[in-house]
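Peer 1: Chain by chain, the residues:
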Amino acid sequence: MTEPVAPPPDRPDASPPAEVTERPHPLTPLIRGWVVLLAVIIAFGRDYLPIGREPQPLPPLQFLLGAVGVVAAASGIAGYFSWRFTRFVIDAEKLRIDSGVLFRRSQRVAFDKVQSIDVVQPLAARLFGLAELQIDVGSHERPKLRYLSRARAYALRDYLLARAKGVQAEADAASDSTSVLVDLGAQDEVLVRVPPQVLLLAAATSHEFWSIMATGVVAAVIGITFNQPWLVLVIAIPTASTLIGFVGRRVTSQFNYTLSRRAHGLRISRGLTSLTSQSLPPRRVQAVQISQSPVWRRLGLYRIDLEVIGWGHVTDNENKTGVSTILLPAGTIAQVRVALAALWPRADFESVELHQPPARARWLHPLAQPFLRWGHDDALVVSRHGWLVRRWQVVPHARIQSVRITQGMVSRKLGLAGLEFHTAGGQIMPHAPGLDAAHVLERQSELLRLVHHPAEVDVSDADPGQADAGPEALRADHAEDTISSSE
Amino acid sequence: MSDLFTPTADWQRLSPAYATVRRLGALVYNLVATGIVCLGTSFFLDWRWVVAAAVAGLSWTLWRVIRAGRWVRSFGYAERAEDLLITRGLWNKELTAIPYGRMLSVNVESGPIERAWGLAKVQLVTASIHSAGHIPGLSQADAAALRDRLIVAGEAQALPL
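First to last, the protein sequences are chains A and B. Just so it is clear: in the first sequence, position 32 is 32 by the numbering used here, and no numbers are missing. Just so it is clear: in the second sequence, position 66 is 66 by the numbering used here, and no numbers are missing.
Bear in mind the hints are in silico, worked out from the structure with no lab data behind them. A few of these clues could be false.
[To be verified] Covered by chain B, per the in silico footprint, the following chain A stretches (three or more residues, Cβ under 8 Å):
1) 404-417
2) 434-444
[As the list claims (entries may be wrong)] A few chain A positions that, by computed beta-carbon distances, are all more than 10 Å from chain B:
3) Gln62
4) Val71
5) Phe81
6) Ser82
7) Ala240
8) Val247
9) His355
10) Pro366
[As the list claims (entries may be wrong)] Listed next, with one range per pair, are the computed distances between beta-carbon atoms:
11) A:Val89 with B:Asn92: 50 to 58 Å
12) A:His355 with B:Trp47: 52 to 60 Å
13) B:Asn92 with A:Gly426: 16 to 24 Å
14) A:Glu141 with B:Leu39: 54 to 62 Å
15) A:Glu141 with B:Arg149: 36 to 44 Å
16) B:Gly35 with A:Pro366: 52 to 60 Å
17) A:His355 with B:Leu45: 51 to 59 Å
18) A:Val232 with B:Asn107: 55 to 63 Å
19) B:Ile66 with A:Ile333: 51 to 59 Å
20) B:Leu45 with A:Ser211: 30 to 38 Å
Just so you know, even glycine gets a beta-carbon here, dropped at the ideal spot from N, CA and C.
Kindly produce the complete structure, drawing on both the sequences and the hints.
Peer 2: Structure (structure tokens):
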């Protein structure tokens, strides 16, 4: 767990790259302040609108305009100073973010700690062609650079990622770091693209959609049976708005979903109102869940969720910082293959031979037993669950932290036992229930053997060149992994 | 003891004194909890409910106290060449295998009650919160020795990812 403190010897110490200082875009205070301005307008404006309550006696208009003017001027001045005092400094070792007028604050981000970088463009920023950089350093707080012009943000992201990747990229990237304002889009290799109509179809046929609908219908039926027809209306309106909200969120947050590959890694870009470009660090992916709603089986659609260290909870929607844990919102099996191959080039989840638990497991899992499967090869463990919604959980041996056999009282009577695979994530918890107790110990030892003696290279390394980087490199990788996992 | 949860290995058991600690802990914790529940019920419901809650609480406490000895005897750990095995549980049995290479740190903890009996708890930390590598109720000397052995094994076998 010793992080190399001194720079690696092969770094060209003779010519360290010059220090580059960056300022936020001059429009930054405007964009940061517009939310405040909007709130002020709403707070005052509401009094002018007769919304179901007594219009309050209003102060004279001149006074109001004056107040707004003062607020605007004050926030403008504050914004100017905060812009004036914010600096992003890039030197040979790290990125430094200096900010604060009265209370100075200086954040340092060492390049070798950078895990991934997202480019987020909220609606207001997007209108002015600005973007924000969010740097994932494995801790809860993400250092942010906001706002930069869009082109500069992309260029800086690529530069920082190149630096984070290692020394080789340094010389090239550093030489033109201040002028890489060219469009690098041509280098992108698009792997998966999901058009909005597929998102719409997938959202409207997902099990979440149907369960919201079913709740509404059940409530309506109850209303009718108790002879209270007005209840139907009361239920129909929130149900409809929930449905529209659900579909809307799914479509807008994943709009124009594109998974692409560049020299420095995988990237997901998506979003209608706010455009997010999220970089995906394969080594930090702990487990993958592929799921399929009942109607999706007919349509041949799948969805992939990821559990990544530092990305927070596995959810449907993006969280407050704009991170989404969805690898593929909806796609065909071919797209699933492409996405997983991009993530783990050295593993193939389809070639894993799956076994069915014995028939007596039906006593324990009356509905799910016919669909339960599990199996492993020398790279992955795969388990399948689910009666209505089918779920495949995939975890590489290299990410398994411990293996547990469990057995409850009923299982003991039936001669069954389950296996659990623990990863550094906590939510997608791969497990294989209802196995024949007679063989489960052998299975556990076999899995442990694979954890102890993993393949020469990691499942997520595409480049065979990394394999002969020597034990030093492996140790360094291991250190990165353990540090990032201990949060 | 079923074979599934104690495969052939050099099994170590907990100190018998830990059963007493566990009994004491169960007694204190459950009696306090029962008292709070009874008090709460007495505000809202009539005395029959209070009696029912008290009976339920006391019988659960008694059950825990009786079972403590068996639970402690069911707990075992084995240091194998490449991993640590921990077995535990009476109704819901578990056998967890934690490779030494996955350990991030090893802690020894000892609360006031445990200290009075000269006991300590060894805790193996992996990157997963589910690994649950706790070994309670070891004598303090055993705990320190186990910790040192685990650290040595962990350093020697650190897995290259």
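Peer 1: May I ask you to test the hint 50 to 58 Å on the CB atoms belonging to Val89 of chain A and Asn92 of chain B?
Peer 2: Since the Cβ atoms of Val89 of chain A and Asn92 of chain B sit about 56 Å apart, the hinted range of 50 to 58 Å holds.
Peer 1: Against chain B, does His355 of chain A hold up as non-interface, every C-beta pair farther apart than 10 Å?
Peer 2: 18 Å, holds
Peer 1: At the C-beta level, are Glu141 of chain A and Arg149 of chain B separated by a distance inside 36 to 44 Å?
Peer 2: 37 Å, holds
Peer 1: If you look at each residue in the region 404-417 of chain A, do at least three have a Cβ nearer than 8 Å to any Cβ of chain B?
Peer 2: holds (count 8)
Peer 1: Within 30 to 38 Å or not, the Cβ separation of Leu45 of chain B and Ser211 of chain A?
Peer 2: 36 Å, holds
Peer 1: Quick check on a hinted range of 51 to 59 Å for Ile66 of chain B and Ile333 of chain A, using CB atoms only.
Peer 2: 55 Å, holds
Peer 1: Please check whether the beta-carbon of Gln62 of chain A is more than 10 Å away from every beta-carbon in chain B.
Peer 2: 59 Å, holds
Peer 1: Against the range 52 to 60 Å, how does the distance between the Cβ atoms of His355 of chain A and Trp47 of chain B compare: consistent or not?
Peer 2: 57 Å, holds
Peer 1: Okay, Asn92 of chain B versus Gly426 of chain A on CB: inside 16 to 24 Å?
Peer 2: Given range 16 to 24 Å: holds, Cβ gap about 20 Å.
Peer 1: 55 to 63 Å was suggested as the range; check whether the CB atoms of Val232 of chain A and Asn107 of chain B agree with it.
Peer 2: 59 Å, holds
Peer 1: Counting residues of the region 434-444 of chain A with a beta carbon closer than 8 Å to any beta carbon of chain B, are there 3 or more?
Peer 2: holds (count 4)
Peer 1: Taking the minimum C-beta separation from Val71 of chain A to chain B, is that value above 10 Å?
Peer 2: 47 Å, holds
Hints 14, 16 from the list above are not met by this structure, while the remaining hints are.
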